[in-house]
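J.: Going down the list, the protein sequences come from chains A and B. According to the numbering used here, the residues represented by the first sequence are 1 to 95, in order. According to the numbering used here, the residues represented by the second sequence are 1 to 485, in order.
Some hints could be false.
With a cut-off of at most 20 Å between alpha-carbon atoms, the simulated DMTMM-like pairs for lysine to aspartate or glutamate come out as follows [stated by the list, open to error]: (1) A/10 with B/352; (2) B/392 with B/254; (3) B/392 with B/270; (4) B/290 with B/272; (5) A/30 with A/6; (6) A/10 with B/414; (7) B/412 with A/45; (8) A/30 with A/9; (9) A/10 with B/322; (10) A/30 with B/415; (11) B/16 with B/51; (12) A/10 with A/21; (13) B/378 with A/36; (14) A/92 with B/339; (15) B/290 with B/415; (16) B/290 with B/279; (17) B/11 with B/64; (18) B/412 with A/23; (19) B/412 with B/352; (20) A/30 with B/414; (21) B/378 with A/45; (22) A/92 with B/415; (23) B/378 with A/57; (24) B/378 with A/39; (25) A/10 with B/347; (26) B/16 with B/95; (27) B/290 with B/262; (28) A/92 with A/71; (29) B/290 with B/254; (30) B/412 with A/36; (31) A/92 with B/322; (32) B/290 with B/414; (33) B/392 with A/69; (34) A/10 with B/336; (35) A/30 with A/45; (36) A/92 with B/336; (37) A/30 with A/13; (38) B/412 with B/270; (39) A/30 with B/339.
In short, the hints are calculated from the structure, not lab data.
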Amino acid sequence: MSLQAEAIEKLCELARLEVTDPEMADFTSKLSRIVDLVDQLQAVDTSATRPLAHPLELPQRLRPDVVTESDERALLQRNAPDVGNGLYLVPKVIE
Amino acid sequence: MHTQTLAQLSKALRDKRISSRELTALLLDRIAAHDDSLNCFITTTPELALEQAAAADARIAAGEATPLTGIPIAHKDIFCTSGVRTSCGSRMLHEFVSPYDATVVARLAAAGTVTLGKTNMDEFAMGSSNETSFYGAVQNPWRSGLVPGGSSGGSAAAVAARLCPAATGTDTGGSIRQPAALTGVTGLKPTYGRVSRYGMIAFASSLDQAGPITRTAQDAALMLAAMSGFDERDSTSLTDPVPDYVGELAQRIDGLRIGVPENFFDAGLDADNAAAVREALAELERLGAKLSAVNLRNVHLSVPAYYVVAPAEASSNLSRFDGIRFGYRSARAGDDLREFYMRNRGEGFGQEVKRRILTGTYVLSAGYYDAYYLQAQKVRRLISDDFAAAFKEVDVIAGPTTPTPAFPIGQKMDDPVQMYLNDIYTIGANLAGLPAMSVPCGFVDDLPVGLQLIAPHRAEGLLLRVAHQFQLATDWHTRQPAAFA
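Just chain A, with the same shape it has in the complex:
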């Protein structure tokens, strides 16, 4: 099955990825090949098989609902592209 440019544009929109024209041409052929690869799964009869999500099928551990973190805002904001007064700054996006 081949993926058309229109379908890939929709995926880019969903995944919030800007893609250039040359990239789009490349993705159209390569993603179609990847979809052909994973389509091999369709031929397998799994009607009697349960899905496996965790390889050891262990239950999720729970911890007590208590605060364990301390305030590290200044440390964490050192990696932010733009901050002011302890806030994360972004371009104006709301009219």
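Based on these hints, arrange chain B on the given structure of chain A.
T.: Just chain B, lined up with the frame of chain A:
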């Protein structure tokens, strides 16, 4: 001194034949001399290393050393290191300085290791050749112009070139074992959950597992002992106690039942590669093991199942990179929030990462979820069940790690499916969560070949023991690339 194994260096340090400061300076010099040609390191940390080495020397002098105290190592740049850039091989994190240490990094540091630097890798660990790194390809120490494998290509090449005795890696579909095979070193992917994933940048969370890359199984046992164990900060961390990996090594393998999956030796496997692996199996037989065929009938579906599950999990994990709290931000202003996100992510991620995010988005999208994601999880169970059935008959499974030895840089970059098929023998262990390792077992055209060993859940000790006994009887793991002798 640089050609010695971790275990030998450990003894030399405790016997005061060399100090950690001297050893660290020697390896930093080797990295400075050789890394322009190899490109193994994204970041070196000489100041931190010499500081840690001085502390290690004091600890050795005080008689409080562990076997790893004073040993210089390198960390794959997927592990968060406090105060040191942690790029994950991506432009997205080019300027990211981690505010904390990954559990693996913290535990190895607590044992007294010295951090030489952060190694090159495929971007976000997505690749089998180290070519998708924002920082450029890594050269194979055995022959310039060839890939070292990936995604832990920088770690494997650094250990192979004797720039460090050990390095950390991660393995989601073969990313420790495949580069170990292509560079002639020893690589171990433990059971899913054995080593904490805390502070290890997530790719596919149900598959990711950290492990050591070393030159010997004995060294891998020493590293794994320090790296593994329960961590409350990883919700999938195993609570089982960590066995005495080093203590088990000496036990012989007489009577051990080794299963050989015959479909691993089909047309996809290079004939010379196959011959080297068959000879390794014969050696295991001479050591007293009993070989028999096992049938992993669904294993050919592991690549397609993986390329649904891994991209699906990746597309979710990588949604955190928005260019607001950390990571790359585009210089072009967007008109709205949507465009702002799209530009940050579009410019910050490389091509292979974008392809995987798009593949994951596709297989998770409404109308396709059952056909792809759910179906892949069911096939995952079929593959896992095949291994479980095989382990009722045998103790360990052995076969090739890769279909071919190292290939030329650029050869497979135009065809993602050809690149993905590099991992055809390794992915099954990730889907089933099994421990697996690669050990050097011969050469084809002067390029190293790996023997893969796979064991039941939690049986790393058995794997290490088989590998160690094999290495006592062979010398493939002692061969070193002439340019880096």
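J.: Taking the hints in turn, state whether each one holds.
T.: Right, here's what the structure says about each hint:
no.	hint	verdict
1	A/10 with B/352	18 Å, holds
2	B/392 with B/254	18 Å, holds
3	B/392 with B/270	30 Å, violated
4	B/290 with B/272	24 Å, violated
5	A/30 with A/6	15 Å, holds
6	A/10 with B/414	24 Å, violated
7	B/412 with A/45	32 Å, violated
8	A/30 with A/9	14 Å, holds
9	A/10 with B/322	19 Å, holds
10	A/30 with B/415	7 Å, holds
11	B/16 with B/51	18 Å, holds
12	A/10 with A/21	15 Å, holds
13	B/378 with A/36	19 Å, holds
14	A/92 with B/339	12 Å, holds
15	B/290 with B/415	40 Å, violated
16	B/290 with B/279	14 Å, holds
17	B/11 with B/64	14 Å, holds
18	B/412 with A/23	18 Å, holds
19	B/412 with B/352	13 Å, holds
20	A/30 with B/414	8 Å, holds
21	B/378 with A/45	10 Å, holds
22	A/92 with B/415	41 Å, violated
23	B/378 with A/57	13 Å, holds
24	B/378 with A/39	14 Å, holds
25	A/10 with B/347	18 Å, holds
26	B/16 with B/95	40 Å, violated
27	B/290 with B/262	15 Å, holds
28	A/92 with A/71	28 Å, violated
29	B/290 with B/254	8 Å, holds
30	B/412 with A/36	18 Å, holds
31	A/92 with B/322	16 Å, holds
32	B/290 with B/414	43 Å, violated
33	B/392 with A/69	45 Å, violated
34	A/10 with B/336	18 Å, holds
35	A/30 with A/45	27 Å, violated
36	A/92 with B/336	8 Å, holds
37	A/30 with A/13	18 Å, holds
38	B/412 with B/270	16 Å, holds
39	A/30 with B/339	25 Å, violated
Violation of the numbered hints given earlier is confined to hints 3, 4, 6, 7, 15, 22, 26, 28, 32, 33, 35, 39; the remaining hints are satisfied by the structure.
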